[in-house]
Amino acid sequence: MNQKDIKVITPFSTVLIFIMAAGGLVALYRLLFGLGAATNLNDAWPWGLWIAFDVVGGVALAAGGFIIAGAVYIFNWKKYKPIVRAAIMNTFLGYLMAATSITLDIGHPFRIWHPMVMWQVNSIMFIVAIHVVLYTSTLATEASPMFFEKLKMPTALKFVSKIMVGVVIFGVLLSTLHQSSLGAVFLIAPSKLSALWSGSLLPYMFLVSAVLLGLNMVSFETILSGRVFKHKQPMDILSGLARGSLIVAVLYFVMKIWQLATGPGIGAAFDGSTAGNMYLVEMLVGVILPMILLMMKDLRSRVNSIFTINLLVIAGIVLNRFNVAIFGLADYAGRSGMDYFPSVMEFILTMAMVSFAILAFKLSVKYLNVFPEGQH
Amino acid sequence: MAMNRRDFLKVAAGSGLLLASDIGSASASTPETLPPQAVGILYDATLCIGCKSCMVNCKTYNSVPGGALFLKGRDIPYETTHYEQGIWDAPVDLSSRTVNIIKVSKSGTAVNKDSTENGYSFVKQHCMHCISPACVSVCPVGALKKDPVNGVVYYVEDRCIGCRYCMIACPFKIPRYEYEYALPQVRKCQLCHHRYTEGKYSACCEFCPTGASIFGKVVDLRKEAQKRLSLKTGEEYDFPVQTVDSKFTMRRQVSKYINHVYGQTEAGGTQYLMLAGVPFDWIGFNKNIDKTFLPELTWAYISKIPAVAALVIGAGTLTWAITSRKNKDKGES
Numbered sequence: 001m002n003q004k005d006i007k008v009i010t011p012f013s014t015v016l017i018f019i020m021a022a023g024g025l026v027a028l029y030r031l032l033f034g035l036g037a038a039t040n041l042n043d044a045w046p047w048g049l050w051i052a053f054d055v056v057g058g059v060a061l062a063a064g065g066f067i068i069a070g071a072v073y074i075f076n077w078k079k080y081k082p083i084v085r086a087a088i089m090n091t092f093l094g095y096l097m098a099a100t101s102i103t104l105d106i107g108h109p110f111r112i113w114h115p116m117v118m119w120q121v122n123s124i125m126f127i128v129a130i131h132v133v134l135y136t137s138t139l140a141t142e143a144s145p146m147f148f149e150k151l152k153m154p155t156a157l158k159f160v161s162k163i164m165v166g167v168v169i170f171g172v173l174l175s176t177l178h179q180s181s182l183g184a185v186f187l188i189a190p191s192k193l194s195a196l197w198s199g200s201l202l203p204y205m206f207l208v209s210a211v212l213l214g215l216n217m218v219s220f221e222t223i224l225s226g227r228v229f230k231h232k233q234p235m236d237i238l239s240g241l242a243r244g245s246l247i248v249a250v251l252y253f254v255m256k257i258w259q260l261a262t263g264p265g266i267g268a269a270f271d272g273s274t275a276g277n278m279y280l281v282e283m284l285v286g287v288i289l290p291m292i293l294l295m296m297k298d299l300r301s302r303v304n305s306i307f308t309i310n311l312l313v314i315a316g317i318v319l320n321r322f323n324v325a326i327f328g329l330a331d332y333a334g335r336s337g338m339d340y341f342p343s344v345m346e347f348i349l350t351m352a353m354v355s356f357a358i359l360a361f362k363l364s365v366k367y368l369n370v371f372p373e374g375q376h
Numbered sequence: 001m002a003m004n005r006r007d008f009l010k011v012a013a014g015s016g017l018l019l020a021s022d023i024g025s026a027s028a029s030t031p032e033t034l035p036p037q038a039v040g041i042l043y044d045a046t047l048c049i050g051c052k053s054c055m056v057n058c059k060t061y062n063s064v065p066g067g068a069l070f071l072k073g074r075d076i077p078y079e080t081t082h083y084e085q086g087i088w089d090a091p092v093d094l095s096s097r098t099v100n101i102i103k104v105s106k107s108g109t110a111v112n113k114d115s116t117e118n119g120y121s122f123v124k125q126h127c128m129h130c131i132s133p134a135c136v137s138v139c140p141v142g143a144l145k146k147d148p149v150n151g152v153v154y155y156v157e158d159r160c161i162g163c164r165y166c167m168i169a170c171p172f173k174i175p176r177y178e179y180e181y182a183l184p185q186v187r188k189c190q191l192c193h194h195r196y197t198e199g200k201y202s203a204c205c206e207f208c209p210t211g212a213s214i215f216g217k218v219v220d221l222r223k224e225a226q227k228r229l230s231l232k233t234g235e236e237y238d239f240p241v242q243t244v245d246s247k248f249t250m251r252r253q254v255s256k257y258i259n260h261v262y263g264q265t266e267a268g269g270t271q272y273l274m275l276a277g278v279p280f281d282w283i284g285f286n287k288n289i290d291k292t293f294l295p296e297l298t299w300a301y302i303s304k305i306p307a308v309a310a311l312v313i314g315a316g317t318l319t320w321a322i323t324s325r326k327n328k329d330k331g332e333s
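Chains A and B are the protein sequences, given in the same order. Number 3 in our numbering belongs to position 3 of the first sequence; there are no gaps in the numbering. Number 157 in our numbering belongs to position 157 of the second sequence; there are no gaps in the numbering.
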């Protein structure tokens, strides 16, 4: 399919635009009337859906960019070059989504810039804030060649390609720190977070699981884009990503078991509690099942089976972020008798963020050279 | 590799990260010893009669400029949830309008004071004013600060971005948020530090009729608490009222105490201390609070960042140098 043949207005796009408009109204309502009016957050549940999915989950879903950029520009694995632009674009959109959501989630959106000037180096939240800003700028730089090409700005294009390796190394550093910092956020609350997830390994498990998720997101998006935009599926890339996933999944599995055994004990996962069951689901769906499937070589060479594995990993690791940010705290928060279930407006805004990412990606495929090298 | 805060700042400064920031004040934000003039409160549940005078006066004296509940244009924030037109202040828990609360735990017929068998006990809940507060260490903008002299943990409203990380970090569930406002604040007890310049002290202690809450220097309060634990049950003792060094005392029989001063070691020690006749978890306090300084848990991670940064940049550059040369050798570049 040629870029020209991609239709902007389709029934699906119309639905996305409608959801985004609703999300815009929710954002406006939240700004005018406050968090209490728009969300179901309360004193026992200061963080809800927006933090768990849009921010903590969104950043993990956006891990693909630094992995593929690192593979192509630092390791010079040219094989992955055809997907590097798509991966960077996706990550960029994911970070925009996370940054917008955190701005609306904090009590004073118009003070979002405060951490930049009021440094507090003891705070993981400060580290996270600095990384969001720096990495979003880095991603904009990494994505800029696509815009410079379109706008026919050869001098700027030349300059960016000259500094690209340095920018990518900086991006890898920021991602490493940012992904792990989001886990480190919860280190301070050992008496609140269920022992199934807490412990000093948490930041490192966030990093490794983000890499696992990132690889599968890139694979998922490549297959999906291939289907939607009618490209030929690049099998060597997909099997390469699957092989990488297997290695990282084994590492993550070992870390998870080690953390469980040295922490609350293996039995804690099987005690029948909600937290225990959530832990089991997360492990089965996101780690154990994909790991077993990935070990079978013929499954790694079939698009459909890779796609299924991608979906499992994505669901499982996103559930892990929900577990750490919400379900793992439920036992403690519930003691005060206060409950939390996201409000309709919270759901609408989250759906609007996802709609934005999908639609913006579609537009960039149509108007920018996201899939170069004759894939069209 | 780990380093202390001062070294971290040196490294951060050396790598040019230190631009136009007030980092100096940040570095002093996680103290690990009791400030010399630290003040606090000792609450003795066996003396508390549940009159809630402390709650009423807390609201009254904190609804003035500088107070923990002050909001321009708002009167004293009574909570009348249960009575739509009611005049009664009837909060059931700490909230953005109640930063000090008396609660009661009871069992069975609830006739025996300070007993878990068919008995009851009061408890007073408000900010513990930790020696090394988790809330202060996690705040990304330094909106929560610990006074270096008197150790009061206080809130600087115009810095706060409202991320609510303090609420996640606090092991005592103290900070509360004004979800109802478009421009909200975090609310918590600030030990009436706005009253010290007038020579006054915490309103809850000034208006406690029985001496259940007494104000004073933490070192003196610790001594007083230990002294009470060493007394024999039934013995007569002159309990100071209002302040620990008060001349105004009340003579009464000593009740049975649980042999523990809550706040002596919890979260590494706090400036609010408690005595009770029943186990503290029975009156709603978490038993599993770490006995170490909580900020160290995150610092263990943060202190590794400079080393990780050096490693990633070094290894990344080296890898690129090697792989791009290899490519050239192959004539691919």
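Calculated directly from the structure, the hints in this document are not laboratory data. There's no promise every hint is true.
To be verified - Among chain B residues calculated to face chain A with C-beta under 7 Å, some are:
1. GLY67
2. ALA134
3. ARG159
4. ARG164
5. ALA309
Where is the CB? At the ideal position from N, CA and C, for every residue including glycine.
Self-check item: Hinted contact ALA134/B with chain A - closest CB pair below 7 Å
Solution: holds, 5 Å
Quiz item: Does the interface hint hold: is ALA309/B within less than 7 Å of chain A, judged Cβ to Cβ?
Solution: The hint holds - ALA309/B has a Cβ within 7 Å of chain A, the shortest such distance being about 6 Å.
Quiz item: Should the hint that ARG159/B touches chain A count as held when the rule is a Cβ pair under 7 Å?
Solution: holds, 6 Å
Practice problem: Go through the hint on GLY67/B and say holds or violated, using the shortest Cβ distance to chain A against 7 Å. | Solution: With Cβ-Cβ at 20 Å, over 7 Å, it is violated.
Exercise. Please verify that hint: ARG164/B, Cβ, nearest Cβ of chain A, below 7 Å or not.
Key: holds, 4 Å
Consistency note: the structure conflicts with earlier hint 1 alone.
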